[in-house]
Amino acid sequence: GAVVSQHPSRVICKSGTSVKIECRSLDFQATTMFWYRQFPKQSLMLMATSNEGSKATYEQGVEKDKFLINHASLTLSTLTVTSAHPEDSSFYICSARDPGTAADTIYFGEGSWLTVV
Amino acid sequence: SQKIEQNSEALNIQEGKTATLTCNYTNYSPAYLQWYRQDPGRGPVFLLLIRENEKEKRKERLKVTFDTTLKQSLFHITASQPADSATYLCALVPFSGGYNKLIFGAGTRLAVHP
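Chains as they are written, first to last, in our numbering: chain C, 1 to 117; chain V, 1 to 114.
In case anyone wonders, no lab produced these hints; they're calculated from the structure. This one's a predicted model, so the numbers in the text were calculated from it and none came from an experiment. Fair warning: there could be bad hints in the mix.
[Claimed, not checked] Derived lysine to any residue pairs resembling SDA-like cross-links, with alpha carbons at most 25 Å apart:
1) Lys55(C) / Lys41(C)
2) Lys57(V) / Thr101(C)
3) Lys101(V) / Pro99(C)
4) Lys71(V) / Val3(C)
5) Lys101(V) / Val116(C)
6) Lys63(V) / Thr78(V)
7) Lys101(V) / Glu63(C)
8) Lys3(V) / Phe39(C)
9) Lys101(V) / Ser15(C)
10) Lys101(V) / Lys14(C)
11) Lys20(C) / Thr82(C)
12) Lys101(V) / Phe28(C)
13) Lys55(C) / Pro94(V)
14) Lys101(V) / Cys13(C)
15) Lys41(C) / Pro94(V)
16) Lys101(V) / Val117(C)
17) Lys57(V) / Asp98(C)
18) Lys57(V) / Thr82(C)
19) Lys41(C) / Glu54(V)
20) Lys64(C) / Lys57(V)
[Unchecked claim] Listed next, the stretches of chain V that the computed footprint assigns to chain C, with coverage defined by at least 3 CB atoms under 8 Å from CB atoms of chain C:
21) 31-43
22) 102-110
[Stated by the list, open to error] A short, non-exhaustive set of chain C residues, derived as facing chain V with CB atoms under 7 Å:
23) Phe39
24) Pro40
25) Ser43
26) Leu44
27) Ile93
28) Gly109
29) Glu110
30) Thr115
Where is the CB? At the ideal position from N, CA and C, for every residue including glycine.
Bound-form chain V, shown alone (with noise of 0.2 Å):
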């Protein structure tokens, strides 16, 4: 079956530090994937986009990373900071679908602490 699995333990860190979120996926062909980030009771807002043929991505303090052998992608956050303390979805958009549908993991959520 088709799975898209973020850890849904929440992920503690101390401030400072480099936060790695974790996206794994089972019998899908992505085109590319997405990282969005989520505040309660907000809707996602997009942070980065990587393409199958890509390896990594960076912006500002954020680096993803892409292995299609692996079928996981790696969300980083360097220097974090208790206000990056949030829910972070990662999507994959298949190359059937018009590349318009977005797949979902749960997310997971990230506390940084001061």
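The following block holds chain C by itself, in its conformation from the complex (with noise of 0.2 Å):
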């Protein structure tokens, strides 16, 4: 089946330093990619929306300069987290929709943890 994969599953960066996570569709095309972030024991957040081609749309109360989201290709989409702090430490999950099958098939990546230190 579909598969989203992202990378890398676990990064430790240092504060004010930059971190990118790629996310990946595997065997279909992505128009429309989905970033969450997720902190423990609290549900996934959506904080934007990647469309190829376009800029993305974000959530309110999420800061566009600080997490920039690129999805250059059908492919692949990814989330630069600039000038990292701690508080940023934290799960972020993609998902893409298959525009092959029903409009209700979204796929999830597996996840990245990110620690600023």
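Assembling the complex is the task here: the two chains are given apart, and the hints tell you how they should meet.
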């Protein structure tokens, strides 16, 4: 079946640096991908919708200059956390919709743990 | 305000019994509702979807009901097994947002004991 892959699965970075997380759809083309953040024992919170070839749509309260999203191809979206701070430490998850299936089929990646020290 | 609520307390049941998890929502008009399984440190895995005009959906040992009057969905696992132990998330898709926007509850942790 369709698979969404994230890389890296875990990353540790120093405060003030930037870190990039990749989200790939492995066997389908995704015009739309979604980025979520999840803190321990809390729900997934949608951060932004990544649209291939255009600007991402950010949810209210999410800083677009801090969380840069690029969706340069139909199989790859990247999330860059700029000038990371310890409070950015979280579990980041992407998802993508396979347009070749029913409109409600959304696949999630395995997630990326970010720790900012 | 808009809310999706799942029981935050863990549900502990004996192997072989039926597990029932609850998802209540307030001030949403969902087009459909989905249930996901999430294991620690992993991304969610899709289990079942039920539309607003459907009352019940089944898949193997799983059953989902949807009551738009009560604004509630119930998720059942029959003949539960220790391997079913995980956190189960409900997520609704509102009519607005292009049917892409998933709004998640915080999840309920299920522990099935041998």
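Do the hints match the structure? See the list:
| no. | hint | result |
| --- | --- | --- |
| 1 | Lys55(C) / Lys41(C) | violated, 31 Å |
| 2 | Lys57(V) / Thr101(C) | holds, 19 Å |
| 3 | Lys101(V) / Pro99(C) | holds, 15 Å |
| 4 | Lys71(V) / Val3(C) | violated, 32 Å |
| 5 | Lys101(V) / Val116(C) | violated, 28 Å |
| 6 | Lys63(V) / Thr78(V) | holds, 8 Å |
| 7 | Lys101(V) / Glu63(C) | holds, 19 Å |
| 8 | Lys3(V) / Phe39(C) | holds, 18 Å |
| 9 | Lys101(V) / Ser15(C) | violated, 31 Å |
| 10 | Lys101(V) / Lys14(C) | violated, 32 Å |
| 11 | Lys20(C) / Thr82(C) | holds, 9 Å |
| 12 | Lys101(V) / Phe28(C) | holds, 20 Å |
| 13 | Lys55(C) / Pro94(V) | holds, 23 Å |
| 14 | Lys101(V) / Cys13(C) | violated, 30 Å |
| 15 | Lys41(C) / Pro94(V) | holds, 24 Å |
| 16 | Lys101(V) / Val117(C) | violated, 32 Å |
| 17 | Lys57(V) / Asp98(C) | holds, 22 Å |
| 18 | Lys57(V) / Thr82(C) | violated, 43 Å |
| 19 | Lys41(C) / Glu54(V) | violated, 30 Å |
| 20 | Lys64(C) / Lys57(V) | violated, 39 Å |
| 21 | 31-43 | holds (count 6) |
| 22 | 102-110 | holds (count 6) |
| 23 | Phe39 | violated, 10 Å |
| 24 | Pro40 | violated, 10 Å |
| 25 | Ser43 | holds, 4 Å |
| 26 | Leu44 | holds, 4 Å |
| 27 | Ile93 | holds, 5 Å |
| 28 | Gly109 | holds, 5 Å |
| 29 | Glu110 | holds, 5 Å |
| 30 | Thr115 | violated, 13 Å |
The structure does not agree with the numbered hints 1, 4, 5, 9, 10, 14, 16, 18, 19, 20, 23, 24 and 30 stated previously, though it agrees with the rest.
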